[in-house]
Amino acid sequence: MLCNRCGKNEAVVFYNENINGYKKSYSLCSDCARELEAAGEINLNFTSPFEEGESLLSGLFESMFGIPSAPALSGAKRTVKEKRCPLCGLTIREISEEGKVGCAECYRSFADELRPSITRIHGSVHHKGRFPLRFKNKCEKENRLEDLRRRLKEAIKNEEFERAAALRDEIRNLTAEA
Amino acid sequence: MAWYGKKSVDNDVVLSSRVRLARNVEGYPFGRHLTDDRARELIGKIGAILTPSGYEAVDFTGLDMIGATAYVEEHIVSPEFAGEKGPHTLFKNDKKNVYIMTCEEDHLRIQCITPGFSLDEAYAGAIEAESLLDSSLNLAFNEKLGYLTHCPTNLGTGMRASVMMFLPAITKFGKFSSIARQLSKIGLTVRGSYGEGSGSTGCLYQISNQVTLGVSEEESIEKLKNIVASIVDQERKLRDAMTKDDVWNSVADASARAYGTLTYARMLSFSEFMKLWCDVRLGIALDNARKMNGQPGGTGIPSSLSYETLDTLFIESQPAVLTLLSGGTPMSPAERDLRRADAIKRRLAVV
Ligand SMILES: [Zn+2]
Ligand SMILES: [Zn+2]
Chain Y
629 MLCNRCGKNE AVVFYNENIN GYKKSYSLCS DCARELEAAG EINLNFTSPF
679 EEGESLLSGL FESMFGIPSA PALSGAKRTV KEKRCPLCGL TIREISEEGK
729 VGCAECYRSF ADELRPSITR IHGSVHHKGR FPLRFKNKCE KENRLEDLRR
779 RLKEAIKNEE FERAAALRDE IRNLTAEA
Chain C
29 MAWYGKKSVD NDVVLSSRVR LARNVEGYPF GRHLTDDRAR ELIGKIGAIL
79 TPSGYEAVDF TGLDMIGATA YVEEHIVSPE FAGEKGPHTL FKNDKKNVYI
129 MTCEEDHLRI QCITPGFSLD EAYAGAIEAE SLLDSSLNLA FNEKLGYLTH
179 CPTNLGTGMR ASVMMFLPAI TKFGKFSSIA RQLSKIGLTV RGSYGEGSGS
229 TGCLYQISNQ VTLGVSEEES IEKLKNIVAS IVDQERKLRD AMTKDDVWNS
279 VADASARAYG TLTYARMLSF SEFMKLWCDV RLGIALDNAR KMNGQPGGTG
329 IPSSLSYETL DTLFIESQPA VLTLLSGGTP MSPAERDLRR ADAIKRRLAV
379 V
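Protein sequence lines, in the order shown, are assigned to chains Y and C.
The first sequence: position 93 = 721 (my numbering), numbered continuously.
The second sequence: position 48 = 76 (my numbering), numbered continuously.
Quick caveat, the hints were computed from the structure, so don't treat them as lab data.
There's no promise every hint is true.
Here are the simulated lysine-lysine pairs, DSSO-like style, with alpha carbons at most 27 Å apart [as the list claims (entries may be wrong)]:
#1 Lys-34/C <-> Lys-172/C
#2 Lys-113/C <-> Lys-35/C
#3 Lys-34/C <-> Lys-373/C
#4 Lys-203/C <-> Lys-123/C
#5 Lys-253/C <-> Lys-265/C
#6 Lys-172/C <-> Lys-769/Y
#7 Lys-319/C <-> Lys-756/Y
#8 Lys-120/C <-> Lys-203/C
#9 Lys-73/C <-> Lys-35/C
#10 Lys-172/C <-> Lys-636/Y
#11 Lys-124/C <-> Lys-73/C
#12 Lys-756/Y <-> Lys-251/C
#13 Lys-34/C <-> Lys-113/C
#14 Lys-213/C <-> Lys-272/C
#15 Lys-785/Y <-> Lys-764/Y
#16 Lys-200/C <-> Lys-124/C
#17 Lys-781/Y <-> Lys-769/Y
#18 Lys-200/C <-> Lys-123/C
#19 Lys-203/C <-> Lys-172/C
#20 Lys-172/C <-> Lys-756/Y
#21 Lys-766/Y <-> Lys-265/C
#22 Lys-34/C <-> Lys-781/Y
#23 Lys-213/C <-> Lys-35/C
#24 Lys-756/Y <-> Lys-253/C
#25 Lys-764/Y <-> Lys-73/C
#26 Lys-120/C <-> Lys-34/C
#27 Lys-35/C <-> Lys-251/C
#28 Lys-120/C <-> Lys-200/C
#29 Lys-172/C <-> Lys-764/Y
#30 Lys-35/C <-> Lys-172/C
#31 Lys-35/C <-> Lys-373/C
#32 Lys-73/C <-> Lys-636/Y
#33 Lys-35/C <-> Lys-319/C
Every value quoted in this text rests on a predicted model; they were computed, and no experiment measured them.
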């Protein structure tokens, strides 16, 4: 099924909302879902069906990844709105319990929550290396920018100001061509 | 012919090289979150790309335990994959060096296994298969985290490069634990396989990269290659030391006896076989070293016995492969021990 907003990508988020009789229903690709969420059009923070038992369970789930359980994250309120991954439906608590995510979308939905444990595992959160064909332009540009920035720093350090100015212009041009 | 039983570079110390790439497809949940229907749909999509390019599909859901275990013993699939309950299919290429597991922990585990010390070749093979899949599938990726994997430990390149090393001299001189400690400090993982912890001398070890995020594939492989090369050096130096007068007789005696038992035993368990195998393989290496150094005499193991023959015996002596080669009817352990000894005896008789 295709995303009913852009009509180009496969729909991965199926969103239904009913607020005071005002209904919204979308089938979205992950890009469109993120855009709509950023625009405040949809809210991907679903309410947990397990609200009641939550406070009892909290603390049991200090996981191998050291991610605090959801109540701790939200200030240990008795009722918690737990965020769920729009594709697989997992919460960060379930992910940290299992030590594994439920789908690729989890890494986007819980980017902030997962970052500390990923840094702990790898010592880095910046991929270096191969990329899929469809990321060619994006990744090559990013690599080129990184290289230019490094050379700019070097030029400034060596007080080669003419070279630094040229490099700065090149970086500007590259960033401008979106 | 699979990865074993072929002439290859540095195979006195390195049995095989392997590169494995973990990949996933956008839109499909991972692991147990993937329903059987969607798993079958995904395997169908993958098969539609691989089959026209000469890959053969092996549906593991329809495979019996012996058949599935034989693939584990040949080091082609993981034990987890063989034991998987849901739909899971192995794709193998006609050159028999690329093996793609689908719906293991990740949707795709693309591996290339090559004989001897040949990590570049293994990497090239894995990349070729991956590019083929990348051209038709939306592989899950983001610029920051790289390839998105079920377990965060594989994020980034999703690559595990490894070598299987034969290190009897390092083990016998008690140097292995200090090497293992150094390796773990620089981000490499070591696993002993066969005989480790069973009281007998382990001699096979798997060494692989640990970190996958923030280090490129080439950097990882370069680092592993350098370390492996220096371990190869150490192992050879210690083997040289074993050819010296004060230890030579006892070492040569162990190898000669092991060869004698392999040729004359009527029953052999796999663990006894592995211990003898280590001593015989070391004997071949020592004979070669003595020849190179111009030292007279040898262990008495025929010089026509090659590493390739021995390595084939190692694979074919494991329970499931042995059962398949004997017709596939399940056997009792005692029957297998008889069959194993017999198969080895015949093989060594034609050397
Ligand atoms: Zn869309
Ligand atoms: Zn998810």
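Exercise. Which earlier hints turn out false for this structure, listed by number in ascending order?
Worked result: 1, 2, 4, 7, 8, 9, 13, 14, 15, 16, 18, 19, 21, 22, 23, 28 and 30
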